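Enquirer: Each chain, written out:
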Amino acid sequence: MSAITIAPPMDLAPRVHSFDPAAFSVPTARDEEWRFSPVDRLKQFFDVDATAGFVTATGNGVNVVPMSEVASSWVPIDLASAIARANVKNAGVLEIPAQAQWAEPVIVDLTTTESNSYQHLEIVAGKFSVATVVIRQTLTGNVSGSIVINVGDGAHLRVITLVEGEFSTALALQMPVIVGRDATFIGALATLGGGAVRIQSSVQYTAPGGRAELFGVFLSDTGQHVEHRIFVHHDQPHCVSEVMFKGALLNPGARSAWIGDVLVRKDAIGTETHQSNRNLLLSEGSRADSVPNLELETGDIVRAGHASATGRFDDEQLFYLQSRGLTLDEARQLVVRGFFADVLGRIGNDTWRDSLLVTISDRLGISPVEDTDE
Amino acid sequence: MSTEQAAAIDELGRYDYGWHDPDLAGVNARRGLSEEVVRDISALKNEPDWMLEMRLKGLRLFDRKPMPSWGSDLNGIHFDNIKYFVRSTEKQATSWEDLPDDIKNTYDRLGIPEAEKQRLVAGVAAQYESEVVYHKIREDLEEQGVLFLDTDTALREHEEMFKEYFGTVIPVGDNKFAALNTAVWSGGSFIYVPKGVDVEIPLQAYFRINTENMGQFERTLMIIDEGAKVHYVEGCTAPIYSSDSLHSAVVEIIVKKGASCRYTTIQNWSTNVYNLVTKRAICYEDATMEWIDGNLGSKVTMKYPAVWLMGERAHGETLSLAFAGPGMHQDAGSKMIHAAPNTTSTIVSKSVARGGGRTSYRGLVQINEGAHGSRATVKCDALLIDDDSRSDTYPYIDVREDDVSMGHEATVSKISDSQLFYLMSRGMTEDEAMAMIVRGFIEPIARELPMEYAIELNRLIELQMEGSVG
Amino acid sequence: MSNFVRVGALSNVPMGSAVKVTVLDRPIAVVNCAEGVFAISDICSHADVSLSEGEVIDCTIECWLHGSQFNLRTGQPLSPPALGPVATYEVRLVDDAGTTHIEVSASPNPVSTDGRFQS
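Residue numbers (the working numbering), protein chains in the order written: chain L, 1 to 374; chain U, 375 to 844; chain W, 845 to 963.
If you're looking for bench data, these hints aren't it; they were derived computationally from the structure.
Since the model is a prediction, treat every value here as computed from it, not as a measurement.
It cannot be assumed that every hint is accurate.
Said to hold, decoys possible - Pairwise CB distance ranges, derived in the manner of DEER restraints:
#1 W:Asp869 / U:Asp761: 37 to 47 Å
#2 W:Ile901 / L:Ala29: 22 to 32 Å
#3 U:Glu538 / W:Glu879: 19 to 29 Å
#4 W:Ser861 / U:Glu538: 24 to 34 Å
#5 W:Gly852 / L:Ser168: 54 to 64 Å
#6 U:Arg413 / L:Asp315: 27 to 37 Å
For every residue, glycine included, the Cβ atom is placed at its ideal position computed from N, Cα and C.
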């Protein structure tokens with residue numbers, strides 16, 4: 001498939017889609033798409049000839065299928081994903097049969113033994129199915145690739161993705177989601193590990209009535225660069241999107257970037273969209289970039305908006321809690337826990353909500369103990 | 375044109391600027407940009423060498439820099455076809471008949487008096503009328519030591535001060551259009567307010583006598599010394615027809631310790647104009663800068679008034695208003711750079727798009743390391759009148775210091791049917807109801823405008839709303 | 845004592861110009877100006893732009909994209925939009941077999957705050 005180029009200026013939609021790595025130029029920090037990215041730490045993924053291993057996908061119901069036999073509807077949008085796609089031999093495929101009602105979450109583990117690996121995971125939720133999938137992306141080496149999610153008409157799919165791993169590793173991940181007619185997708189992304197992490201999610205609707213909720217929590221520590229890019233493309237009428245990402249920067253040298261692009265086309269009447277990003281700076285010497293972009297080609301929508309807030313603790317909140325008898329430390333912990341608890345609560349799965357809260361609390365060095373009566 | 379007007383224009387030609395006229399016809403007929411054109415401009419104005427060098431540098435950088443890959447579609451600018459320097463005396467005053475119908479109608483409907491009409495049409499001419507009226511004001515200013523001149527004269531009469539500040543806020547190489555402006559600038563305002571002086575009346579562009587107002591490549595330089603205060607107003611709500619398709623102005627403002635400056639602009643260019651402006655102020659300790667920016671017309675406006683908060687407790691504020699009607703793209707916003715502790719900034723942007731017009735908010739808030747205790751808020755609201763219009767928001771938020779607070783919020787709304795219904799049930803027509811809703815929407819900004827602008831703006835909205843329904 | 849890396853002949857860097865070299869994977873701009881030969885990081889502290897592509901003015905080099913000038917001695921910007929310094933490296937000129945060579949230190953100088961934004 002040859003490259004499709006859209007003439008500028010069109011600020012938000014990806015300009016080139018191609019399976020051919022030659023259609024893309026090598027990213028530099030002067031490109032808008034890469035201006036916040038640690039291009040240096042990802043450069044091994046821009047080399048067409050690099051040798052790399054492969055990530056193995058294991059889990060109940062996950063089949064390993066040769067890439068050539070996978071009918072993937074998604075076309076790569078940058079050099080790294082095009083190279084990964086061209087090189088991947090086998091893909092992990094998880095199919096949820098139509099009408100299936102899976103009560104228990106399916107856990108998919110993405111692991112590798114190599115220092116550089118490509119990956120491709122395809123999740124297909126059949127029509128009217130209901131399921132929860134938990135993906136554990138454990139970085140023991142550098143990984144480049146995609147997780148493609150197809151939500152069939154009328155289906156309800158929840159995907160919880162956990163990214164953990166060494167601070168020496170790099171991850172360049174594409175996570176496109178395709179939402180069918182009247183389908184619902186709830187995506188929770190917890191980026192807690194990895195050194196240079198760049199995750200690009202997108203939502204595409206194929207018919208009216210789709211609903212996508214994307215929640216993210218992330219932590220960034222010294223030497224970490226955590227970047228989330230989200231692109232929601234409303235080109236179908238009456239679809240809903242909600243995006244909420246919250247992160248904390250823990251120590252000097254921590255770095256995060258969050259870019260949320262929402263594009264509402266002329267035909268997408270009745271769209272409802274909101275996105276927000278909140279960044280909590282827990283130390284000096286860190287840097288958070290936040291760019292919520294919104295393009296509307298029509299005014300016939302239900303609502304559209306976005307919000308972004310970055311800063312330290314709200315002194316007033318702390319003061320209030322202290323005046324209620326808490327020590328400063330206890331007050332801080334309560335505020336941080338509250339900060340993450342609300343977005344984690346939106347995932348809709350208590351077990352994983354609690355588990356994530358414990359993990360995050362541990363990382364932050366605060367007590368995960370739940371509220372007693374106060 | 376009246377005989378008085380014709381006489382006035384002749385008069386202007388005889389003002390002594392210290393220009394000499396080598397090959398007049400050649401220069402003025404020439405289109406396109408080249409080193410020769412730039413040298414001619416400098417020679418005609420009898421400028422010192424350092425200014426010529428800066429102009430040439432601007433030309434070099436203009437050639438070298440790429441066009442922006444973001445923003446609006448600038449493919450319609452034909453650089454080779456533009457006349458980069460036209461002396462005001464040679465400027466052919468447009469006659470009333472030459473104006474497009476919609477502009478003529480607007481003037482009529484706005485009830486602009488005949489004399490004003492002529493002034494707007496003729497541009498520079500009819501300055502002699504203002505001279506009498508504003509003579510007294512200028513005397514007062516002189517007494518206070520305030521300098522308020524056109525930029526050409528300021529360079530000649532206050533060269534040292536000019537050289538000290540020119541190009542320090544917006545360097546030659548800042549962006550392609552600032553480079554262009556540096557190469558071919560002509561006209562604009564120069565203001566210096568001495569320490570502690572509070573200039574009570576708003577200074578308006580048309581107080582300046584002579585040289586072109588609303589020139590293509592105006593260059594404004596303002597220095598507000600410690601503790602001083604001034605309010606400068608430029609522009610006009612009534613639509614201005616310009617045969618020049620590219621307007622690329624540069625405004626540099628230095629607000630020293632404890633001083634404050636408010637700069638109000640209302641621009642309503644005709645829809646053949648590309649209006650690309652670089653405006654920036656540097657604020658030192660305890661200084662305040664307020665940009666009130668109204669963009670009502672033009673085919674494309676790209677304008678992002680900026681404040682560099684370089685001293686402690688400096689404060690920057692932008693109130694930006696954008697109206698985009700059919701065929702217009704307002705790409706506007708603001709940039710606030712916090713580079714010192716305890717600085718604050720506020721950006722409020724209100725945009726209204728109708729009839730296929732497009733409004734985009736583009737902004738940057740950057741809180742740098744060391745700027746502790748800083749607070750920044752951005753609120754952008756867009757109102758879409760109908761289904762054809764477009765609205766975009768592209769805010770960049772870059773925070774590198776933890777002890778700060780930064781909040782940004784944007785909402786897009788439509789005119790609510792229930793609001794309309796309620797107002798119409800009170801006896802208003804749909805047009806009147808829509809106008810009222812729009813006025814309410816922009817009220818937080820409109821109330822900061824000088825009275826006569828606010829009144830004209832209200833009337834303009836009524837006009838715009840008419841026929842926007844159905 | 846720090847390591848010096850030979851980057852080329854002085855004759856390759858005409859007066860008033862800058863040349864980009866790489867020292868231990870780092871891009872460095874070597875500048876020959878009236879006050880001597882200097883070496884600074886080639887990447888502007890404001891954006892990913894090569895400083896060696898800009899103009900040399902007295903003892904500064906100007907980033908061509910947005911116009912910030914950097915003091916070649918201290919690496920500090922003279923004016924915005926750049927707000928932070930670029931690394932500076934010690935330079936020595938060595939005569940060898942009749943040619944003057946430029947050698948750049950492998951480690952950056954400590955940061956000095958002189959010359960940052962005159963008000």
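Enquirer: Taking the hints in turn, state whether each one holds.
Expert: Against the structure, the hints come out as follows:
1. W:Asp869 / U:Asp761: 37 to 47 Å: Once the Cβ atoms are compared, 55 Å apart, the range 37 to 47 Å for U:Asp761 and W:Asp869 is violated.
2. W:Ile901 / L:Ala29: 22 to 32 Å: holds (26 Å)
3. U:Glu538 / W:Glu879: 19 to 29 Å: holds (23 Å)
4. W:Ser861 / U:Glu538: 24 to 34 Å: holds (28 Å)
5. W:Gly852 / L:Ser168: 54 to 64 Å: violated (35 Å)
6. U:Arg413 / L:Asp315: 27 to 37 Å: Violated, since U:Arg413 and L:Asp315 (Cβ atoms, about 60 Å apart) do not stay within the stated range.
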